[in-house]
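There are 4 protein chains.
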Amino acid sequence: MNVGFIGLGHMGKAIATNLLRAGHQLSVWNRSSGPAAELVSLGATLLTDPAAAARTDVLFTMLADDGAHRAVLLDQAVLGRATRGLIHVNLATISVALARELAAAAAAHGVRYVAAPVFGRPEVAQAGKLNIVAAGDCESLARIEPLLAAIGQKTWRVPGPPESANAVKLAGNFMIASAIEAMGEAAALSEAHGVGARQFLEILTQTLFASPVYQVYGGLIAERRYAPAGFKLRLGLKDVRLALEAGEEKNVALPLGSLLRDHFIEALAGGQAEQDWSAIAELSRRRAALP
Amino acid sequence: MNVGFIGLGHMGKAIATNLLRAGHQLSVWNRSSGPAAELVSLGATLLTDPAAAARTDVLFTMLADDGAHRAVLLDQAVLGRATRGLIHVNLATISVALARELAAAAAAHGVRYVAAPVFGRPEVAQAGKLNIVAAGDCESLARIEPLLAAIGQKTWRVPGPPESANAVKLAGNFMIASAIEAMGEAAALSEAHGVGARQFLEILTQTLFASPVYQVYGGLIAERRYAPAGFKLRLGLKDVRLALEAGEEKNVALPLGSLLRDHFIEALAGGQAEQDWSAIAELSRRRAALP
Amino acid sequence: MNVGFIGLGHMGKAIATNLLRAGHQLSVWNRSSGPAAELVSLGATLLTDPAAAARTDVLFTMLADDGAHRAVLLDQAVLGRATRGLIHVNLATISVALARELAAAAAAHGVRYVAAPVFGRPEVAQAGKLNIVAAGDCESLARIEPLLAAIGQKTWRVPGPPESANAVKLAGNFMIASAIEAMGEAAALSEAHGVGARQFLEILTQTLFASPVYQVYGGLIAERRYAPAGFKLRLGLKDVRLALEAGEEKNVALPLGSLLRDHFIEALAGGQAEQDWSAIAELSRRRAALP
Amino acid sequence: MNVGFIGLGHMGKAIATNLLRAGHQLSVWNRSSGPAAELVSLGATLLTDPAAAARTDVLFTMLADDGAHRAVLLDQAVLGRATRGLIHVNLATISVALARELAAAAAAHGVRYVAAPVFGRPEVAQAGKLNIVAAGDCESLARIEPLLAAIGQKTWRVPGPPESANAVKLAGNFMIASAIEAMGEAAALSEAHGVGARQFLEILTQTLFASPVYQVYGGLIAERRYAPAGFKLRLGLKDVRLALEAGEEKNVALPLGSLLRDHFIEALAGGQAEQDWSAIAELSRRRAALP
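Residue numbers (this note's numbering), protein chains in the order written: chain A, 1 to 291; chain B, 292 to 582; chain C, 583 to 873; chain D, 874 to 1164.
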């Protein structure tokens, strides 16, 4: 298929590479030109205008946040010049409200919108092992499934309008942040009683909590290794905020989400914005004046 | 070895059975006589006085809570009549403060005290697959290791005085309760946006959170099946309270623990005391007025 | 002085009336025409276009929320047609971010911007007894002081750019909501121990807490009289949210604000949006299953 | 009346002095002898045994905490040697559970128990202006009213068993701590936006919050003057804990109380145990990294 791709950050580049490898024709656009060069060397076409990426069969986008989507997709009227029948597949973690807005913008231009946010850190994206949560019209989902199969280990289709997939993604990220917080507090408690974080987290993450999230983040917390960041703390705050907003829209309070938001803010005040988001575990140590 | 065993609830009976099967001589005592009968049929000796259980090489105890330990062990002066050199192995989840007190009482009578709280629900105990966290003097730990191997899949030795094992156990239970809370809030968010708890939790617990705790409790929450209780909500409150107290003793605040405590209390007010502790997930639904 | 006035809700009408009574020439505009009629009968001039209100010496605005400010002031380009040297005095409780934006919009059109949010419920506004927190350039503040004196008992000038007055106002409303929450929880505790909310709150609000906020809201909570609303619960949520956002902008976490936000959301889910914001006290009763 | 008095701390001494001044015959006992000397110089009789204080018409006690009550009153069997018909008036802030226990101990020895906890700092006690919350049998309350009138400005009788007065007192102290927390967070928000805590708190505590609690503690927070302590932070934690326990006993969750408990613990970890309890306001500054 003829595929356009906008947004070549760590995640986007890894995903685009897998689409190329699967034999699709790929034209790519990125705000800065560096990351595109590598893809071009693998056979991709470089675009100088994001709108050109919409003159394809399927447009993938993987931009950083709500603001970037507005700047690149809405303000530059990318969809206004789209091929009739284009399917826009948005892989990014965005607000439920923006997803709704993008779906409406697509509909206004005869474009189909699929929300397909992904779970997985960059190395998982490189391995083509992402878990993809997808929502949109049935026909579009069927058509793009070969593309999704090239980038993920499984596509989890959820019912409802596209933004429901974003709600699932935000709820999932909230669960990851909650796991980090729980490990941080529990490790501080254990350490204060003489059993260090490393040993404590080893016991728990090799038994009851033997899962990727706990093992990856438990390891970072045990080693207090928060740089380089796999996912930055300030982006963690953004996602928790989006989860809270998605909740507020439906009158769902998330008290644990509120607690997380406060801790992320405190960590930002402490200068930890660019650390890995698992660094909120340090707050529990700091508050308890652990050495 | 000649082993005494006090406390034959669901957990205690399963553990005692495995000790018998491993070929140890077991004499048992329980407050009510029912559970003991079954063990006697397997070869155990029935005791009519708890103190007799201390006239052995190793005394295991698995009582319900701090109160039961005081009533049975301290008030009845069980240790006062103990064999010289007895090792008291306490498997129960008790407060750090009581563990310290029991260790002191043991020392006063020439008895060695090992704290060996266990992770695992009754079916895990039956299978001899518990994870055991043990702290005590090195020699005692070495001597009882064959016994522990008969009841668990692994013994995790932690440094420090015996109560440090209890701190680890309480911190672990706090992490389980935190996972339940996070799933409850996240599932409510997802459901409000059109993706039911069952599908949402399936996605998360088969991928990023594919671990025993998430799969067991995620399943209960998805099915809203809170009876019969594997672990009662009122006991969950007790353990969270013990974790908070263990924290307060060392000036470690556990804000997520405080949130859990409040939710458990609200659930008790709502008449859920005897439900499984995963039923606190229902609060998130109720507060959001989900149907 | 020649004064324009936009926004004649409960608060706006009361304030505009006091400006008229103090002898100022007043031209008024409101989205719906009802409230203006009464002021016209007192001598005000009715405008059919909000921009006409800016062709005066001083423009007062008292609109409901951020959205109304954008719709009326920014989208309709009111300032673009303003008299050169106009002073725009904004009495409303708005976000710090919007205040900054309005000040910039004013500067771009040679207009001076003063933020002058007020403390006081409608009956206080009628009595001309508001407390006004004002920030802006010194000269403008001096010029409008006679106008402010006509509507308030005192003007509290604060340093910094105009939005600093909005931060003070939001922090103040956060304190009121906190007082309501504290009374709600404390009264539930007292009631559960046999001393009803009415007596409990009487004791406290006539002694240590003998102040307007505690007596007004303590009275409403004691009588459980939440309608008609003096200030609606959904507006309370809005203000708490604005306080949290003002905090986040400066990395100031407000854990008590987060708790309030969650309780307001839960109250909204329970159908209390149009009740007085003191109705969040009912949550404490409901959660404890008090009769 | 012939009055015994046990417990001559800052509060006790001030109260005992007022009883003496009102013309009552007073015999006093205190763990350390210093404070008693001053009262003896005013006409009091010094006792060397606390039980002697119960050989009177009315026994007042004002001890520090639950532990001191157990050590002095229960362990030394003071009530066992009491005059038949003695009225024991307990002025201290103790747990609801201990109040119930003391009432039962009194009943067992034919003694009547009145709980009469007081609101007011030491200078208020000296001025005889305490607010007293009293619960007990009607006849006893009537008999001791002249004594209470000598030490307080008003006696607030509440219904129910004696411990209901303790619940009111704990709920009141919880409200004070909540006010401190709200001021701390709000002042940090204001300060981050350029309006210092001093000016912010002046505005609020002279208007909407013009009450003793807000003015006294607002003043301390504005000046960051936390020593010498009027009421120590570690005692503040104790009282919040007692309020939480009183709530838990009746299934009343106090989420704001939980938040306070966590902040007090963090302050203790930060070395602030002996500061005034209003010092928890510093946490808000510290977390936001305010200068």
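Hints listed in this document are in silico derivations from the structure and should not be mistaken for laboratory results.
The reader is advised that the hints may include incorrect statements.
[To be verified] As a list, the in silico DSS-like pairs of lysine-lysine whose alpha-carbon atoms are at most 27 Å apart:
#1 B:541 x D:1027
#2 C:832 x A:232
#3 A:154 x A:129
#4 B:420 x B:541
#5 C:736 x C:711
#6 C:736 x A:238
#7 B:529 x D:1002
Going down the list of hints, with the structure as the test:
1. Between the alpha carbons of residue 541 of chain B and residue 1027 of chain D the distance comes to roughly 41 Å, so the proposed pair goes past 27 Å and is violated.
2. For a cut-off of 27 Å, the pair hint linking residue 832 of chain C to residue 232 of chain A stands: about 19 Å separates their Cα positions.
3. As the CA atoms of residue 154 of chain A and residue 129 of chain A are separated by approximately 8 Å, the hinted pair is consistent with the 27 Å bound.
4. Restraint check: the Cα-Cα separation between residue 420 of chain B and residue 541 of chain B comes to about 32 Å, which exceeds 27 Å; the hinted pair is violated.
5. Restraint check: the Cα-Cα separation between residue 736 of chain C and residue 711 of chain C comes to about 8 Å, which is no more than 27 Å; the hinted pair holds.
6. For the hint pairing residue 736 of chain C with residue 238 of chain A, the CA-to-CA distance comes to about 40 Å; that exceeds 27 Å, so the pair is violated.
7. For the hint linking residue 529 of chain B to residue 1002 of chain D, the alpha-carbon distance of about 42 Å lies beyond 27 Å, and the restraint is violated.
Hint compliance for this structure: hints 1, 4, 6 and 7 are broken, all remaining hints hold.
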